[in-house]
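So the sequences go chain by chain: D and E.
Here our numbering is used: the first residue of the first sequence is 1, the next is one more, and so on.
Here our numbering is used: the first residue of the second sequence is 1, the next is one more, and so on.
Derived from the structure by calculation, the hints contain no laboratory data.
Incorrect hints may appear among the rest.
Claimed, not checked - Just so you have them, the derived chain E footprint on chain D, three or more residues with Cβ under 8 Å:
| # | stretch |
| --- | --- |
| 1 | 108 to 122 |
| 2 | 205 to 211 |
| 3 | 238 to 249 |
Keep in mind it's a predicted model, so treat the numbers as computed, not measured.
C-beta: ideal position from N, C-alpha, C; glycine also.
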Amino acid sequence: MRRLWLPAACVGIIILLALSAPLLGLPDPVRQDIARRLSGPMPGSWLGRDEFGRDVLSRLIWGARTSLGVAFAAALTAGLVGTVLGLIGGWARGFSAFLTVRSVEIIMCFPPIVLALLVVTLLGPGAATLILVLSVLYLPGFARVTYAEVLAARGRDYVEATRALGASPAHLLFFTVLPNIAGPILVQLSLAVAAAVVLESGLSFLGLGVVPPAPSWGLMIRGARATMEQAPLLLLWPCAALTLTILAMNLLCDALRDAVDPRTAGR
Amino acid sequence: MSAGWLARRIALSLIMAWVVATIVFLALHMVPGDPAELLLSTGGAVPDATAVAELREKLGLERPLLTQYAAFLGGLLRGDLGTSLVDDYPVLHEIGLRLPRTLELILAGTLLAILIGVPAGVYAALHRGGAFDRFASGVTALLLAVPVFVVGTLLVLLFAQTLRLMPAGGYIALAQDPVQHLKLLTLPAIAIAKGLAAVLFRMTRSAMLDALANDYVRTAYAKGLAPRRVLIVHVLRNALNPVMTVLGLHMGTLLGGTVLVEYVFNWPGLSTPLLRAVEARDYPMVVGIVLTISILFLLINLVVELLQVLIDPRMKTA
Chain D
1 MRRLWLPAAC VGIIILLALS APLLGLPDPV RQDIARRLSG PMPGSWLGRD
51 EFGRDVLSRL IWGARTSLGV AFAAALTAGL VGTVLGLIGG WARGFSAFLT
101 VRSVEIIMCF PPIVLALLVV TLLGPGAATL ILVLSVLYLP GFARVTYAEV
151 LAARGRDYVE ATRALGASPA HLLFFTVLPN IAGPILVQLS LAVAAAVVLE
201 SGLSFLGLGV VPPAPSWGLM IRGARATMEQ APLLLLWPCA ALTLTILAMN
251 LLCDALRDAV DPRTAGR
Chain E
1 MSAGWLARRI ALSLIMAWVV ATIVFLALHM VPGDPAELLL STGGAVPDAT
51 AVAELREKLG LERPLLTQYA AFLGGLLRGD LGTSLVDDYP VLHEIGLRLP
101 RTLELILAGT LLAILIGVPA GVYAALHRGG AFDRFASGVT ALLLAVPVFV
151 VGTLLVLLFA QTLRLMPAGG YIALAQDPVQ HLKLLTLPAI AIAKGLAAVL
201 FRMTRSAMLD ALANDYVRTA YAKGLAPRRV LIVHVLRNAL NPVMTVLGLH
251 MGTLLGGTVL VEYVFNWPGL STPLLRAVEA RDYPMVVGIV LTISILFLLI
301 NLVVELLQVL IDPRMKTA
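Chain E extracted, bound-state conformation:
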């Protein structure tokens, strides 16, 4: 991996992060009408004039747009995302508290999806048309059709409500009670993993079939290499790249799904304050969390691309 390519790729991510921040900043001003009035109006009622003036003051809406923009970007660079309109709590503190829990969920879900989807895809490709292949392909179609919050709700209904095997939801810190923590993590992680596992299964299977059809695979077998070695060094390594691409593409859906899953299982990650803030129209809080999740999305894609180049240097040109 050359330093020049890496620098360019990171610069691109930074530019994208800046554009994302700019769009989020402009969103409030793109809506016709007075932003403060807009945030305070509920159900067509005209908001109180003093409240509007107060909010305008608080959000600094009197200043020229460019000054506001500069202050917003400056705040971002200093790690200052403002305070909640509801309780004056600093947005960054709330994110600092909640983000690790959301990350844990995302990580657990992604790992689970990889551990299930990729081996299942490899096996299905090696036994193409067999019983497992047909069964797994059917399950995949079903998994892709069930929305993530439906899976979550049904998991609660089955494992918590009916079988009483698992807690219905909640959170306990890992340090406090590791066993209960993992128990509480299991169902949400499964719900988050379901879509990605299905997508990874499909892509692994078809990428494996493509790779298996190559001449170099036949050559490798012909020169007497052990089947396991052919599979890992020649087939899997070449099949992995499209799989990684799909992984990166799916992360947006997965991050969005995490918001829903946290809600279903009362997991106190970023989605709790996000949903509360959307309902209360607490704009600074919404902006802070939306930015955090979007930048997380950019970061994940950057990491995925770096891994792809490590696996296959040809990807650099793409």
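So that you can see chain D by itself, here it is in the shape it has in the complex:
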């Protein structure tokens, strides 16, 4: 459990920063000030200004809001739909399982970013497209994990006992089975959020994710690449923010997994 605290605190701080962005009194992250473009750190803009004279610190924190907002929205949608599919599939088995679980596994035949690019072609870039495509991409993971857990749980005595007491299948699934398999689903959720942050930043970096001028770490890296020679620091800030966030999330995923399944601990 001790290993859970540090990464959890880091992720907590990042989420808190993102949530409190409007309250921090930061300069407008999209307001341009061409006269002071690429200017270095100074009081009032501690990390300097970017190629359009926008405040970098403000864009970093507002960017966290975009990235995490998209990632959480997508992971929660995927988790909700995928878990329900897995519950139904695991309970009904047979053909229903084929429809609910095996069919969505087809999504895993595509390299994730490639499927995302196909959808962006159809719907155009933007946060809504990102949330849709990321939730579709992470849905099979949830369906699979839930399915396997329900299959393992349905034969257990406590399920049998609750059934014998006359609980309806829906009640049994959502109030007896689901709480008992919540651990692995939670681990899956943390994995999906971390993966979604990576993919969102990648697509934004390609200019096919978040639409400018909205701040996003991927877009910031894309913009700073052009001015790498004059202002290398501009490139390093969003890279560091992105990497540290993902590192903290990965460590949290590992710690969560160890907490849920002690057999994997100490590896």
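Keeping the supplied structure of chain D fixed, place chain E upon it in accordance with the hints.
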């Protein structure tokens, strides 16, 4: 490897390829609204009616869905992927030109990752808890956290921009200038290899630890076999299978990463026309390249599974 198993496995891959093609075909029709209008609308503006009619004609959208589907599958079988909406260039030609360059990058990255990740994992497992083990485990956690395009960009910043040791990107054919070709290949290959190397290191290390704990290893040592022979014949061979599984699983991420890396280093593989086509909403081109990469993914997984069965025939039942 029995012929029956092989035939079944190949049939499964073909079915998956067919399902993938069907999904890509249906994607255009699953979106609510008129597909032609959808592809032409940018930023909420209503597209020109004649342009919509023209595009509908060109994509054959007037025909019944089943006829379109049959034509699409028939085209695939004949190797006809249609033409670009932007410049009428045959999609297959573009892919034929670009695919070898992308494959070269993937191959170089994968080889590099195997050459670094597997030996490092073996060494770390044999010296568990030692300085290298702890150092490499830390580096692995960091490598897994840095997105591939960040690694690429930082490599450019460090080796091209600051140290001026390497070219920042570009491409020269191998026949034209072999030295420069390899130089241009190095940084992108490192960027592509980083994630796979980290994953392979982790899996090799833990699979080695599992294999080392087996009774047959103790027996092998006890009967006086040379440590090197025990390591290679008894431990490594049994540790290799989970490593191969992870390799196959990671290929999807690696293929996606290649798209980003090619963009960072201006490597003129499949990602250049893919990204251009996504931006221009050139649907036939996007479909052609998406299909190519997805089927490549299926093929790689098929090969990985065949290799696994060759190493360990027990895998056939799995």
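Counting residues of the stretch 108 to 122 of chain D with a beta carbon closer than 8 Å to any beta carbon of chain E, are there 3 or more?
holds (count 14)
8 Å C-beta criterion, at least three residues: is the stretch 205 to 211 of chain D covered by chain E:
holds (count 4)
Coverage criterion applied to the stretch 238 to 249 of chain D (partner chain E; beta-carbon cut 8 Å; 3 residues)
holds (count 6)
Comparing the model with each numbered hint stated earlier shows that all of them hold.
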